[in-house]
Amino acid sequence: MSHSSKSPWLIHYDASSCNGCDIEVLACLTPMYDVERFGIINTGNPKHADIFLVTGSVNDQNIKVVQQIYEQMREPKVVIACGVCACSGGIFKECYNTLGGVDMAIPVDVYAPGCAVRPEAIIDAVVKGLGILEQKRAALDAAKSKKKEA
Amino acid sequence: MFIPMLIFGLICAPILGCLLAGVDRKITARMQGRVGPSILQPYYDFRKLLGKDTGHTNRTESVYIFMYLLFVVIATVLFFLGGNFLLVVFVLTLGVLFFILAAYAPGSPYASIGANREILAVMAYEPMVLLVAAGLYLATGTFDVVAMTQASKPAIIMLPLLFLGFIYVLTIKLRKSPFDLSMSHHAHQELVRGMTTEMNGQTLAMVELAHWYESILYLGWVALFVIWKGWVGLIVALLVAALVYFLEILVDNNFARMKWQFALKSSWWLALILGLLNLGVILLLGLAL
Ligand code: SF4
Chain G
0 MSHSSKSPWL
10 IHYDASSCNG
20 CDIEVLACLT
30 PMYDVERFGI
40 INTGNPKHAD
50 IFLVTGSVND
60 QNIKVVQQIY
70 EQMREPKVVI
80 ACGVCACSGG
90 IFKECYNTLG
100 GVDMAIPVDV
110 YAPGCAVRPE
120 AIIDAVVKGL
130 GILEQKRAAL
140 DAAKSKKKEA
Chain H
0 MFIPMLIFGL
10 ICAPILGCLL
20 AGVDRKITAR
30 MQGRVGPSIL
40 QPYYDFRKLL
50 GKDTGHTNRT
60 ESVYIFMYLL
70 FVVIATVLFF
80 LGGNFLLVVF
90 VLTLGVLFFI
100 LAAYAPGSPY
110 ASIGANREIL
120 AVMAYEPMVL
130 LVAAGLYLAT
140 GTFDVVAMTQ
150 ASKPAIIMLP
160 LLFLGFIYVL
170 TIKLRKSPFD
180 LSMSHHAHQE
190 LVRGMTTEMN
200 GQTLAMVELA
210 HWYESILYLG
220 WVALFVIWKG
230 WVGLIVALLV
240 AALVYFLEIL
250 VDNNFARMKW
260 QFALKSSWWL
270 ALILGLLNLG
280 VILLLGLAL
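Each protein sequence line maps, in turn, to chains G and H. Residue 141 in numbering that gives the first Met the number 0 sits at position 142 of the first sequence; the count goes up by one each step and never skips. Residue 182 in numbering that gives the first Met the number 0 sits at position 183 of the second sequence; the count goes up by one each step and never skips.
None of these hints come from the bench; they were simulated from the model. For clarity, every value in this text was computed on a predicted model and none was experimentally measured. Some hints here could point you the wrong way.
Derived DSS-like pairs (lysine-lysine); straight-line CA-CA distance at most 30 Å [unchecked claim]:
id, chain 1, residue 1, chain 2, residue 2
1, H, K258, H, K175
2, G, K146, G, K135
3, H, K258, G, K5
4, G, K127, H, K25
5, H, K25, G, K5
6, G, K63, G, K145
7, G, K92, G, K5
8, G, K5, G, K145
9, G, K147, G, K135
So that you can see chain G by itself, here it is in the shape it has in the complex (with noise of 0.2 Å):
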């Protein structure tokens, strides 16, 4: 069933970005991208959110907060991680303070490069994402139609 992926409620986080990231993701809501258009709503909060945009690399301060508003999110879900910092590091990766990607902290389904990320990149990303959505939902629907069955 394609239901999960036309309507992907968001919640984005900066975990260490320098806020460019951020302003691409916030300006995909603006008239000129206006990703509410595949049904995409920015939540703010993790318990209705499906995708887990993410902006900045981890660091000791902020790795606990990106577990656990991946944890409190419901399944299917999916991480994205947007610009180089996220993917990888970026500039900032040999850095003292920065441990690195946001897959340092949990798994990550899309990386999304750039720096900053371009908005057409974020949205790519998204609808990249959608289709693993739907893949992690069919999962889920078989393993719950085993539970039933066992």
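Chain G is fixed; fit chain H with the ligand onto it per the hints.
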């Protein structure tokens, strides 16, 4: 007429409510210069929520939400079956109380603030709603919805001020800006999501469903002011209800959120001035006649 109206209240009302929510989002987007989602978007959201894995911070929450949905459905069905208007009002209030309990249940600070504000909202609109019930009674001589629809002339002729006051509190009842204090359908992010902060999956889907019933029920109340016997009356009433909803969307998009103090004070003053003035005039005229 019993079976068709039962089906209308039970099945058509939420479908219409869903489409109304979709049209609302589309018009809102157009007003903001965006393309906006498909009109079926609320339905897609609903289906997705049903398919999500549901978790509970506190299990009783979903029981309360179920009771909320149940009472809202009973109120809607009662209304469209032409039952007692006062009963509809009270059953609906009971439903909203369950919604507030559900928001308190998980003990989340965000949801609790949302619930506190919802109580204030109920306090704000309830006097006006009761005056509306009294006004409709004075204008039509009955509390039965079915008898009100058979009136020889529309109630609004006798109740112009009450109608205005009711439109005002309708914004609070529909939780639209400037009075979307307890929760909001838009991307306002303060207080996370107000009352629904801890609700997810099927619980949230039930909340959405209840909203669809509610909005159609309220538009039914609006129509009740305008309707009179015959087809013309019905069509005019439907047009007025649609117009009022459009007005709500317009207000929603043009006002920033007000503080709860303003919501409470303004609606009480309006209830006092518009409502009591209107009722007083009717009573005096009635005595004079
Ligand atoms: S990728 Fe570039 S724009 Fe984005 S957070 Fe990192 S440094 Fe800033």
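Worksheet item: Out of the numbered hints, which ones does the structure contradict?
Response: 3, 6 and 7
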